[in-house]
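Student: Listed below, chain by chain, are the residues.
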Amino acid sequence: MAEKAAKKEKIPRQSMPEQGAQARKRNFEEVPLGYPEESAVKEAERCLQCKKPSCIDGCPVAIDIPAFIKHIKEGEFTKSVRKIWERNALPAVCGRVCPQEIQCEERCILGKKGEPVAIGNLERFVADLEREHGKGDLPPKSKPTGKRVAVVGSGPSGLTVAGDLILKGHEVTVFEAFHKPGGVLVYGIPEFRLPKEIVYSEVNFLERLGVRLVCNMVVGRTVTTDELFEEGYEAIYVGVGAGLPRFLNIPGENLIGIYSANEYLTRANLMKAYLFPEYDTPIARGKNVAVFGAGNVAMDSARTAMRLGADTVRIVYRRSRNEMPARAAEIHHAEEEGIEFYLLTAPTRFLGDENGRVTGMECLEMELGEPDESGRRQPVPIEGSKFQLECDLAVIAVGAGANPLLTQSTEGLNLNRWGYIIAEPETGKTSKKAVWAGGDIVTGQATVILAMGAGRTASDSIHQYLTWGW
Amino acid sequence: MFEILKRQEMADGTVVLNEISAPMIAKKANPGQFVILKANETGERIPLTMADTNPKKGTVTIIYQVVGKSTALFKSLKVGERYQDVIGPLGKPTKLEKVGNVVCVGGGTGVAVLHPITRGLKELGNHMASIIGARTKDLLILEDKMRAASHELHVCTDDGSYGHHGFVTDVLKEILKKENIKLVVGIGPVPMMKFVCKLTEEYKVKTLVSLNAIMVDGTGMCGCCRVSVGGKTQFACVDGPEFDGHQVDFDELMQRLQAYLTEEAEAYEKHKCECKAA
Ligand SMILES: Cc1cc2nc3c(=O)[nH]c(=O)nc-3n(C[C@H](O)[C@H](O)[C@H](O)COP(=O)(O)OP(=O)(O)OC[C@H]3O[C@@H](n4cnc5c(N)ncnc54)[C@H](O)[C@@H]3O)c2cc1C
Ligand SMILES: Cc1cc2nc3c(=O)[nH]c(=O)nc-3n(C[C@H](O)[C@H](O)[C@H](O)COP(=O)(O)OP(=O)(O)OC[C@H]3O[C@@H](n4cnc5c(N)ncnc54)[C@H](O)[C@@H]3O)c2cc1C
Ligand code: SF4
Ligand code: SF4
Ligand code: FES
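In order, the protein sequences belong to chains A and B.
Following this note's numbering, the numbering of the first sequence begins with 1 at its first residue and continues without gaps.
Following this note's numbering, the numbering of the second sequence begins with 1 at its first residue and continues without gaps.
Bear in mind the hints are in silico, worked out from the structure with no lab data behind them.
We put the CB at the ideal spot given by N, CA and C, even for glycine.
Each hint should be verified, as a subset may be incorrect.
The calculated EDC-like cross-link candidates involving lysine to aspartate or glutamate, where the alpha carbons are at most 16 Å apart (straight line), are [to be verified]: (1) A:Lys-141 with A:Glu-207; (2) A:Lys-196 with B:Glu-41; (3) B:Lys-27 with A:Glu-227; (4) B:Lys-27 with A:Glu-231; (5) B:Lys-28 with A:Asp-226.
Residues from chain A shown here face chain B by an in silico Cβ test under 10 Å; the list is partial [what the hints assert, rightly or not]: (6) Phe-178; (7) Ser-260; (8) Met-271.
FRET-style restraints, in silico, Cβ to Cβ [stated by the list, open to error]: (9) A:Leu-138 with B:Ala-148: 55 to 61 Å; (10) B:Gly-13 with A:Gln-408: 38 to 44 Å; (11) B:Asp-12 with A:Asn-204: 43 to 49 Å; (12) A:Pro-36 with B:Gly-231: 57 to 63 Å; (13) B:Glu-266 with A:Gln-408: 36 to 42 Å; (14) B:Lys-272 with A:Ser-409: 40 to 46 Å; (15) A:Gln-378 with B:Lys-272: 53 to 59 Å; (16) B:Gly-13 with A:His-332: 53 to 59 Å; (17) B:His-246 with A:Lys-386: 34 to 40 Å; (18) B:Lys-276 with A:Lys-386: 53 to 59 Å.
Work out the full structure: start from the sequences and follow the hints.
Tutor: Written out as C-alpha cells, the structure is:
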C-alpha cells in the first residue's frame, strides 16, 4: 500500500492551461482553459481511491469524490458527471468557484505530503464535457404530485431547490427580481471567471425539466408571499441572497466614481457595460483604481477594473495578507495581472474635485492587535501615519448585508439582529408556516456550494412537508 | 407581456406616452411609485414613474421626455411592440392624507409624476391649488388632466407664451403669502425642486419632492441611487423616491446626475447616426 502510494505520488498535479497574464488582463474571456482529456485522466490516476476518503468530509454537499474520479480514470465521463449530479446540480459552476483549498482538496490525503488531487478541476472537466458533447438526456422524474412550490430568487440555492423538487414530481416556479436568472452567478461573478453561458445552460436544463422561470418579479413588491399562498402555492423557498451593499461610512462617499461592488459588478456583468456602447449601460473606466476589501468580490472588482483599461489597480485592505478571505487562486491571478496590494491600510475620507468627482483618499496605516469576535486580529490605526492615495475610481467591496425588501413585506418571518432570516439548520424551516429559507439570506454572504447545500436541506424538508405535512 | 397598447406624442414630440400591458404591476401600483423598463437585450434599465394605472385593463402608463439614447429608443417603439422587461411597482407610494390646503408644483415631465398624486390628494378632500410650468407653451403637458385634478390651476411659461410669464416659484410665492398652506408637493427638474424647497422653507411649509437619482436595480441592492437626506445616505429607489424636500442635498444630486455625461453623449450620437443610416 505504502509502495503504491509512493508510486502514484510521482505523477505531479496536472496544471491547467491558462490565458497568459498580459493578454488576459485586457479581455473578458475565461482565464483557466480547462483540462485536455489526457491531463484529466492523468490527474484522476493520482487519486488513491481511499477506503475512508477524507476529501468527502470537506465537501459541503458530500459528493462521492473517489467514485466520480474513478470513472474519469476509466474514461467513463458521462457516468462520472452523473455521479456528481447525485449531490450537486451545478458542477461546472462549483468546479470553477468553490474554495477547494479550504474544502475538499484541503482534506485530500495526498495534500499531507504533497499536492492534493485537483478535485475542482476534474469536476469542471466532466461537467464541461457533458455540457458541450453530452446527449442532454434528462434524469427520470417522479409522478406528478400536483403540489405547487414557489422559489424566490434564482441564485444557486434557489436553483438547487427547483431542481430537486421538480425531480420529485412537484410543480416549481422560480421568481426572480432581475431580468435574468442566476443570482450572483450572473450579476456578480465576472465572465472571465464564470462564463455566463454556463449558468444559462444550467438554467436551461432546469427549464427543460419543467421548472417555470418568471423574471422581473420582485417578491414583496410585485407580489407578496401571502399572495403566492392565495394563488395556490403550498410551499415557498426564500433564497434571495445578501443583496445589500455595505459602504465604509466615511466622508465623501457619495462622490462620483465611488461604487459599491454590487453596482460596479452588476453594471459590468449583468448589464454588460464592458461592451458599451454596443450595450447601453455605461460604467466609469478609471485609470487609477482603488478597491476596498480583500474577498472574492474585491478581487473580481479589481480584475474587472484592470480589464476596463486601468493603469493601476490597488487592493486597499485594513488587515494583512493572512486574513484575506478570497480564494487562493483569485489572489494569485490578481497578482499576476498586476494588481497591487496596499495591506494594513484603511481609508478615512474621500477627496473630490469641484465637479464632485473622486480624486483620492486619505488613509491610515494599521497594525494588528488582539483577535476580535471572528478570531481574526483586529486592525488598529498607527498614530500619525496619515497619507494620501490618488484614485479616480473606487469600488467598495467590504461585504454585503441582508436586503430588507422581501423580509419587511412578509409577516411572521423572524429575523436575527442583522436582518437575516432565522431558519432551522436541519430543515431550513423559518418561523412562518410553509416558508423555508437558505443561502446568503440566512448565513450572510458565504459560498455557492453552501447556498446549494442549504437548498438541498430545504428541498428535502419541503418534499417531506408536501408528502406528510408540517 | 409588456406590449404597448397606446402611444401618444406630446409637447412637440419631445415627450411620449406609452400605455403598456403589465397586469401584475397595474394591480399593485400606487401613486408615486415607478417601474424600471428595458427595451431590448442590449438596453439599459430605465426608471420611469407611472403616470397612471388601470388595474381592470391591466395597464400602466408612462410619460417620458426624450433626453438620451434610451428614451430615444423607447420613442421608436410602436403600438403592438413590446418592452422586453418591465419591473415594478418600485419605491414607496406617496403617503396620501387629508391635510387641508395643498399646492402641487410641477415642471416639465414632472407634471406626469405629479398628476396621480394631485388626483389622489383631491379625492381625499384636500383643497388643491396646482401650478405647472414649462419652457414654452408647446412643451406643456397634461394641462387638462391637471385642471380636472385640482380646484385651481396656474400655468407658467418661462418665455411668457402662455399663462404667467415666469417661474412656477413666482406663483407659489403669491399663494404662500396669501393662504394657509399645509403641504407642498414639488416635482420637476432638480433646480426647480431646489428653489421650491428654498421658498417653502421660508414659509415653513412641509414639502415633498420626488428624486430622480440614477438607478440600476431599483430594489436597494446596488446603492447607485444614493442621495443625502438630512445628512444621512438614503437609497432613492427603496427609501424614496419621495423625501422631505427640506432635508435633501440637491447640489449633490445634481452632480451625481452628471456621472455619465460623456458616455451618454457618445451613446446618443451613435444612436442618432444608426437611425439615420437605417
Ligand atoms: C462578486 C462575487 C464573487 C463571489 N465569488 C465566489 C466564489 O468564487 N466562490 C464561492 O463559492 N462564492 C462566491 N461568492 C459568494 C456566492 O456567490 C454566494 O454565496 C451565493 O451566490 C449565494 O447564493 P444565494 O442563492 O443564496 O443568493 P444569490 O446568488 O445572491 O441569489 C439571490 C437571487 O435572488 C434575487 N432576489 C433578491 N430579492 C428578491 C426578491 N425580493 N424577489 C425575487 N428575487 C429576489 C436576486 O436578484 C438574486 O438573483 C461571490 C459573491 C460575489 C458577490
Ligand atoms: C424614480 C424615477 C422616476 C422617473 N420618472 C420619470 C418620468 O416619469 N418621466 C421622465 O421623463 N423621466 C423620469 N425619470 C428620469 C429618467 O429615468 C431619465 O430621463 C432617463 O433615464 C434618461 O435616459 P436616457 O438614456 O434617455 O438619457 P441619458 O443620455 O442616458 O441621460 C440623460 C440624463 O438622465 C439621467 N439618467 C441617465 N441614466 C439614468 C438611469 N439609469 N436612471 C435614472 N436617471 C438616469 C441622468 O441625469 C442623465 O444625465 C425618472 C427617474 C427616476 C429615478
Ligand atoms: S462541490 Fe466544491 S467542495 Fe464539493 S467536491 Fe466539488 S469543488 Fe470540492
Ligand atoms: S482523499 Fe484524495 S486521494 Fe483520497 S479519495 Fe479523496 S481525492 Fe482521492
Ligand atoms: S437603484 Fe440600486 S439601490 Fe437603488
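Student: Now tell me if each hint is right for this structure.
Tutor: Okay, the hints, checked on the actual structure:
no., hint, verdict
1, A:Lys-141 with A:Glu-207, "holds, 13 Å"
2, A:Lys-196 with B:Glu-41, "holds, 15 Å"
3, B:Lys-27 with A:Glu-227, "holds, 12 Å"
4, B:Lys-27 with A:Glu-231, "holds, 15 Å"
5, B:Lys-28 with A:Asp-226, "holds, 14 Å"
6, Phe-178, "holds, 7 Å"
7, Ser-260, "holds, 4 Å"
8, Met-271, "holds, 7 Å"
9, A:Leu-138 with B:Ala-148: 55 to 61 Å, "holds, 58 Å"
10, B:Gly-13 with A:Gln-408: 38 to 44 Å, "holds, 42 Å"
11, B:Asp-12 with A:Asn-204: 43 to 49 Å, "holds, 46 Å"
12, A:Pro-36 with B:Gly-231: 57 to 63 Å, "holds, 59 Å"
13, B:Glu-266 with A:Gln-408: 36 to 42 Å, "holds, 40 Å"
14, B:Lys-272 with A:Ser-409: 40 to 46 Å, "holds, 42 Å"
15, A:Gln-378 with B:Lys-272: 53 to 59 Å, "holds, 56 Å"
16, B:Gly-13 with A:His-332: 53 to 59 Å, "holds, 56 Å"
17, B:His-246 with A:Lys-386: 34 to 40 Å, "holds, 36 Å"
18, B:Lys-276 with A:Lys-386: 53 to 59 Å, "holds, 55 Å"
Violated hints for the displayed structure: none, as all numbered hints are satisfied.
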